[in-house]
Amino acid sequence: MVPLRTTDRYWNSRIAKRVARLWLAGLSLVILAVVALRAGTVAAHRGQVYAIASVPPSRTAIVFGAGLTPSGAPTPVLYDRVATAAELYHLGKVEQLLLSGDNRSVDHDEPDAMRRAAVGLGVPDSALLLDDAGLRTYNSCYRAREVFAVERAVLVTQQFHLARALMLCGAVGIDAVGVPANRRDYPMSYVVSWHIRETLATVAAWWDVLVARPKPTTRPATH
Numbered sequence: 246m247v248p249l250r251t252t253d254r255y256w257n258s259r260i261a262k263r264v265a266r267l268w269l270a271g272l273s274l275v276i277l278a279v280v281a282l283r284a285g286t287v288a289a290h291r292g293q294v295y296a297i298a299s300v301p302p303s304r305t306a307i308v309f310g311a312g313l314t315p316s317g318a319p320t321p322v323l324y325d326r327v328a329t330a331a332e333l334y335h336l337g338k339v340e341q342l343l344l345s346g347d348n349r350s351v352d353h354d355e356p357d358a359m360r361r362a363a364v365g366l367g368v369p370d371s372a373l374l375l376d377d378a379g380l381r382t383y384n385s386c387y388r389a390r391e392v393f394a395v396e397r398a399v400l401v402t403q404q405f406h407l408a409r410a411l412m413l414c415g416a417v418g419i420d421a422v423g424v425p426a427n428r429r430d431y432p433m434s435y436v437v438s439w440h441i442r443e444t445l446a447t448v449a450a451w452w453d454v455l456v457a458r459p460k461p462t463t464r465p466a467t468h
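The opening residue of the sequence shown carries number 246 in the working numbering; numbering runs sequentially from there.
Because the hints were derived from the structure by calculation, they are not lab data. Computed from a predicted structure; not experimentally measured. A hint or two may mislead.
Under the rule of at most 25 Å between Cα atoms (straight-line distance), these lysine to any residue pairs were calculated in the SDA-like manner [what the hints assert, rightly or not]:
1) 338 to 418
2) 460 to 438
3) 338 to 297
4) 460 to 348
5) 338 to 366
6) 262 to 281
7) 460 to 415
8) 338 to 459
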């Protein structure tokens with residue numbers, strides 16, 4: 246094997262460095278674009294976010310799932326969403342709660358856990374609608390419009406999630422406003438991970454709205 250000459254090594258090194266710089270520049274542009282998309286989405290929907298006391302009344306509050314503990318109870322994040330929706334109901338801001346979550350297995354039934362929490366907070370069963378196919382935010386919004394015939398709604402979720410939820414519900418034809426369900430101080434490690442995940446999820450949400458336009462299941466509603 247013929248060894249590389251000094252000039253060959255020099256040019257190969259320069260080419261490798263140039264490729265590395267181009268790759269880093271491209272990666273930086275992608276990251277900047279993703280962050281800008283997230284920031285733009287938040288800014289575009291900021292005017293649709295209200296405090297509980299000032300939110301315009303609506304017939305329906307849509308409550309988004311957020312996981313269960315190993316015992317099957319709502320996580321603190323999910324409980325805060327249900328508690329906020331229950332407060333809206335007791336204040337007369339909404340007439341019914343649409344509890345939308347994941348029930349893909351017998352051992353993971355978010356809507357029923359949300360129902361039990363809402364009843365425990367004084368909301369009657371007659372005011373609760375259960376959507377057991379809300380596997381993700383897009384599905385929850387789509388099914389709220391197509392299955393439950395919701396045209397106007399108050400969206401109940403934490404602040405970090407509201408902009409994407411408002412964007413998606415608006416895209417499927419729901420006139421929506423949002424109320425933050427931040428009822429406690431969450432661990433900072435969780436908050437950071439939520440914002441990172443939400444930044445990436447916002448890209449997927451815009452892809453769904455502008456390109457993919459998926460049609461989630463429209464199996465009948467449950468009560």
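To see whether the hints hold, each was checked on the structure:
no., hint, result
1, 338 to 418, "holds, 21 Å"
2, 460 to 438, "violated, 29 Å"
3, 338 to 297, "holds, 8 Å"
4, 460 to 348, "holds, 18 Å"
5, 338 to 366, "holds, 16 Å"
6, 262 to 281, "violated, 28 Å"
7, 460 to 415, "holds, 16 Å"
8, 338 to 459, "violated, 32 Å"
Taken one by one, the earlier hints fail for this structure at numbers 2, 6, 8, listed in ascending order.
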